[in-house]
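Peer 1: Residue numbers for the sequence shown, in the working numbering: 230 to 278.
Among the clues, some could well be false.
The following label-pair restraints were derived from C-beta to C-beta distances [claimed, not checked]:
no., residue 1, residue 2, range
1, Pro240, Leu276, 48 to 56 angstroms
2, Val274, Arg250, 50 to 58 angstroms
3, Gly241, Gly271, 44 to 52 angstroms
4, Gly241, Leu272, 45 to 53 angstroms
5, Leu275, Pro237, 38 to 46 angstroms
6, Leu267, Ile233, 22 to 30 angstroms
7, Val274, Pro240, 48 to 56 angstroms
8, His249, Ala269, 36 to 44 angstroms
9, Pro277, Ala244, 47 to 55 angstroms
10, Ala242, Gly262, 27 to 35 angstroms
11, Pro240, Leu275, 23 to 31 angstroms
12, Ile234, Ala264, 18 to 26 angstroms
13, Gly271, Met230, 17 to 25 angstroms
14, Ala260, Lys235, 17 to 25 angstroms
No wet-lab data here; the hints were simulated from the structure.
Where is the CB? At the ideal position from N, CA and C, for every residue including glycine.
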Amino acid sequence: MPPIIKGPPDPGAPARPLWHRLAWFFGLALAAGGATALIAYGLRVLLPT
230 MPPIIKGPPD PGAPARPLWH RLAWFFGLAL AAGGATALIA YGLRVLLPT
């Protein structure tokens, strides 16, 4: 059975392309912003008016 979690890359391994790393960064940033907005609007619904 292969390991579930991969270890860090080897010290001599080439880095991934910049566009790939930026895509991950912006994808995670958008997901975090969306989750924050969803929670905020969900809590807003719970507040009495």
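Peer 1: Is the hinted range of 47 to 55 angstroms satisfied by the C-beta distance from Pro277 to Ala244?
Peer 2: The hinted range 47 to 55 angstroms holds for Pro277 and Ala244, with Cβ atoms some 52 angstroms apart.
Peer 1: Falls inside 45 to 53 angstroms, the C-beta gap from Gly241 to Leu272?
Peer 2: holds, 48 angstroms
Peer 1: Within 36 to 44 angstroms or not, the Cβ separation of His249 and Ala269?
Peer 2: violated, 31 angstroms
Peer 1: Has the hinted range 38 to 46 angstroms been met by the Cβ atoms of Leu275 and Pro237?
Peer 2: holds, 42 angstroms
Peer 1: Kindly confirm whether 18 to 26 angstroms is satisfied by the beta carbon distance between Ile234 and Ala264.
Peer 2: Holds - the Cβ-Cβ distance for Ile234 and Ala264, about 23 angstroms, lies within 18 to 26 angstroms.
Peer 1: Quick one: are Val274 and Pro240 within 48 to 56 angstroms, going by C-beta?
Peer 2: holds, 50 angstroms
Peer 1: Would you say the C-beta atoms of Ala260 and Lys235 sit inside 17 to 25 angstroms of each other?
Peer 2: For Ala260 and Lys235 the Cβ distance comes to about 21 angstroms; the hint holds.
Peer 1: Against the range 17 to 25 angstroms, how does the distance between the Cβ atoms of Gly271 and Met230 compare: consistent or not?
Peer 2: Because 39 angstroms falls outside the window, the suggested range is violated.
Peer 1: Can the suggested window of 27 to 35 angstroms be confirmed for the beta-carbon pair Ala242 and Gly262?
Peer 2: Distance hint for Ala242, Gly262 holds at roughly 31 angstroms.
Peer 1: Does the Cβ distance between Pro240 and Leu276 fall inside 48 to 56 angstroms?
Peer 2: This hint holds: roughly 52 angstroms between Cβ atoms.
Peer 1: Indicate whether the distance between the beta carbons of Val274 and Arg250 respects the range 50 to 58 angstroms.
Peer 2: violated, 37 angstroms
Peer 1: Can you let me know if the beta-carbon spacing of Leu267 and Ile233 is within 22 to 30 angstroms?
Peer 2: With a Cβ separation near 29 angstroms, Leu267 and Ile233 satisfy 22 to 30 angstroms, so the hint holds.
In summary, the structure is inconsistent with hints 2, 8, 11 and 13 from the numbered list given earlier, while agreeing with the others.
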